[in-house]
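**Student:** Single-letter residue listing:
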Amino acid sequence: MDWWVWPLILFIFTFVIGIIAPISGVGGGVLFVPLCTAFFPFHPDFVRGAGLIMALTSALSSTPQFVRKGLASLKLMAPIVAVSIITSIIGGVLGLWITSNFPEGKHYITIMLGIILFIIFIVMLTSKRVEFPEVKKMDKLSEMLGLMGAWYEPTLGRVVEYKITNMKIGLPAFAIVGFIAGMFGLGAGWANVPVLNLIMGAPIKVATSTSMAIIAVNDSAAAWVYLSKGAVLPMIVVPSVIGITIGARIGTKLAVKAKPKLIRYIVLAIMLLAALLDIYKGLSGLGYVPKLF
Amino acid sequence: MEEKNKTVEVKVDPMNLLFARAMEIFTYIGLLVMIFPGIFYLAMGEGYVHTHHVVKHWHKPAHHFWHSVKGIKVSGYTWFLTNLHHFDCLSKLGIVLLALAPLAALIVTIPKAERKFKIIILIAVLEVIFSIVRPLIMEVAGH
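One line per chain: the protein sequences are L and W, in this order. Going by my numbering, the first sequence opens with residue 6, and the numbers climb by one from there. Going by my numbering, the second sequence opens with residue -6, and the numbers climb by one from there.
Derived by calculation from the structure, the hints in this document are not laboratory data. Be a bit skeptical, because a hint or two may be false.
[To be verified] DSS-like, lysine-lysine: derived pairs with alpha carbons at most 27 Å apart:
#, chain 1, residue 1, chain 2, residue 2
1, L, K296, W, K49
2, W, K109, L, K210
3, L, K142, W, K111
4, L, K168, W, K111
5, L, K141, L, K74
6, L, K74, W, K105
7, W, K105, L, K168
8, L, K142, W, K4
9, W, K105, L, K210
[Unchecked claim] Which chain L residues stay away from chain W? Per the calculated CB distances, all over 12 Å, these:
#, residue
10, I120
11, N171
12, I174
13, V230
14, K258
15, I268
16, A274
17, L281
18, I284
19, K296
Only a predicted model underlies this, so the values are computations on that prediction, with no experimental measurement involved. Glycine included, each C-beta is placed from N, C-alpha and C at the ideal position.
The following block holds chain W by itself, in its conformation from the complex (with noise of 0.2 Å):
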């Protein structure tokens, strides 16, 4: 009892709460979307790219492997999100969905904070948003 009421001593800021619950919906989405895809790719052996074909390049630099297994320069994410009927590139939707965690719960906590968090946490997005954009942006720049 005692301790009960001593939990409720310590106030959570509403904009650390926010993250958190940001943060957990995307992680179990984005976990469900990587692992059960990710299994039936490896059970079948087939998809984008067959296993076979994988363990016979992945000594490779990742462009190599790229070529090598079929004939493509990857570069940004049309590659595999083109291609979502293929188990391998649902998994990596997966990642995708894990990698925006982290910006959907920065962003939902914006309107909760003060006004210089709201600044810092701003300037946090943005680079995440230009991690996300970069390799598009090096893409259409022909790099």
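Same shape as in the complex, but just chain L (with noise of 0.2 Å):
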């Protein structure tokens, strides 16, 4: 195949997951790092790099928005990238030393990979997300921080106010989201939400928002190890890049028309296929299973 077909592959795949995404409501990173390491030729360590650039790059387009919105927090954000970043850090030294030095890494993360996606699945459809969550009393932590904000809600027409609670369940849950993120290239939104939202009590447009401005300082972190490791190829992050962009933008309009549930459960069978095929994938490797392809 010529190598200009690449490139063209990877602006079309980007494209359809950007157009999908939001309308799914599943982050663009968490489809592309393992439908790429299941599917294209390019090695793990590429595939994560690209992956961590494009949460990056996504993250880093929203969040001033939000922050002027008065959605995403840096008083809320800050105590937790404090917790996040270091473990982000040792995520990605992690991922690239097992693929350097054990000659079948590149499997072994490939499972892991599969794995992760797995319990993604299991955890986008189940878990419930609350519009706007009543936190009777914030912890000490939270407190002493003043983690309280407020926005104006136009479905509603007023003035939302919010408190936070739990920091001491959520920063440990942060510090292992991190390192999840960190040593597999992806966004995290998945998890970020989840802890924000039903753990910590941020209201879910708060939770999104400020989600975002996390992955925009983890991966931050983590994008210098895959950088000084020459992991991220301007051949794959380009096209993956400008695809997700495009797509991403035609995705947003489209969500308002489309039927979410619909897409969503499509989108959740097509994340279960490639947990199972990354698992496969990476068993094949190691030789305990025949090749699939």
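Dock chain one against chain two, each of which comes alone in its own frame, and use the hints as you go.
**Tutor:** Here you go:
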């Protein structure tokens, strides 16, 4: 196959992901990394590097708007990233160390990615979202930091105030999420949002917006690990970022008209398939099962 | 009119606004520097690494890839920052700017932050700086 076909395929592939991601509510990186690992010839090092830059780019593009509206709070984000930056760096270093020091490292990473994707599938299938959680009592740390805020909610026609709680549970959870994001090049909105919303009591809009700000900071720290190890190839990153950016703009408009439930189920089915394929591909690489293709 | 009045009721912390502005500026510049040289690189097919070689070796782990295409052991940033006359390396400079965006945004908020947040943000800043210099320390240490 001619070399120029690959950027073209990547562009089309990420363009489609960009369209379906906003409609389904599934992050683009969560679809890109496992599907790319399963179906494309690139080494997982480059797939994770590209996934990380894609997640970083989309988080950087949306965070300033969320911050200006009062939806993403720097006060809420700062203690979280102070914990999760370090774990995301450790994740990135460990992921590249495994592939460079073990001959079968690539296959172990692929299996672990499949397992993580399977967990994401379960989380997305079962977790419920609470639009405006009621926080009766703030925990001491949140109170001390003054973790509360307000934004104007146009659907309600009024200003909504919120308070944060359970920082003691939230911070270790974000440490784990940061590690997974750094190791696999995932954006990790799938985990950030339920922790912020269901555990820490942030309204869903605040949770999704603050999650984007967290992704921007975490992934920027992990990006240096991948850049310094040469795991970021412009030939993969550039068409992917362009594709997902254009696709996401169309997807956001279509999300108003489309039937999100049906598309969400289709995307979840794709995620499950990708998880199984990644596990199978890893096992076949280790010689436990015959090769599929 | 009513909506306008209610929007005014929400005061966004000046620290947040500074954060947003700095992040936006770095993101715009980073995206431009990453995408346009990246497109030129793909259109020409030539750069620090020829596109043919990328396709031939991209199934290998990153460190084997660079050994195969350039015969180098990649560590740190000088290997691409000293080759910015190639479009693929220039595109990586754009990624560097994107990765610097949150750091710059955090740094500019420090003077406006309350004392307790100054400390927390400073910790986050130091951690990001550590992630940047860590490969350089490893390089010097010979790992």
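**Student:** Assess, step by step, whether the Cα of K142/L is no farther than 27 Å from the Cα of K4/W, and give holds or violated.
**Tutor:** holds, 24 Å
**Student:** Hey, is N171/L genuinely clear of chain W, shortest beta carbon separation above 12 Å?
**Tutor:** Given that every Cβ of chain W is farther than 12 Å from that of N171/L, nearest at about 18 Å, it holds.
**Student:** Does the no-contact call for I174/L survive, Cβ to all of chain W over 12 Å?
**Tutor:** holds, 18 Å
**Student:** For the pair supplied as a hint, K109/W and K210/L, is the alpha-carbon distance within the 27 Å limit?
**Tutor:** Holds, at about 26 Å.
**Student:** Mind checking the alpha carbons of K168/L and K111/W for me, to see if they're no more than 27 Å apart?
**Tutor:** Holds. K168/L to K111/W sits at ~21 Å (cutoff 27 Å).
**Student:** Hey, K142/L versus K111/W, does the alpha-carbon distance stay inside 27 Å?
**Tutor:** This hinted pair holds, its Cα atoms lying about 26 Å apart.
**Student:** Within 27 Å, alpha carbon to alpha carbon, are K74/L and K105/W?
**Tutor:** holds, 19 Å
**Student:** Please check whether the beta-carbon of L281/L is more than 12 Å away from every beta-carbon in chain W.
**Tutor:** holds, 22 Å
**Student:** Say whether it holds or is violated: I120/L keeps its Cβ farther than 12 Å from all Cβ of chain W.
**Tutor:** It holds; I120/L is separated from chain W by about 21 Å at its closest Cβ, greater than 12 Å.
**Student:** Please check whether the beta-carbon of K258/L is more than 12 Å away from every beta-carbon in chain W.
**Tutor:** holds, 21 Å
**Student:** Going straight from one Cα to the other, do K296/L and K49/W come out at no more than 27 Å?
**Tutor:** Between K296/L and K49/W the Cα gap is close to 22 Å, so the pair holds against 27 Å.
**Student:** Given the hinted pair K105/W and K210/L, is their alpha-carbon gap at most 27 Å?
**Tutor:** Judged against 27 Å, a Cα distance of about 26 Å means the pair holds.
Going through the hint list in order, the structure does not satisfy hint 13, though it satisfies all others.
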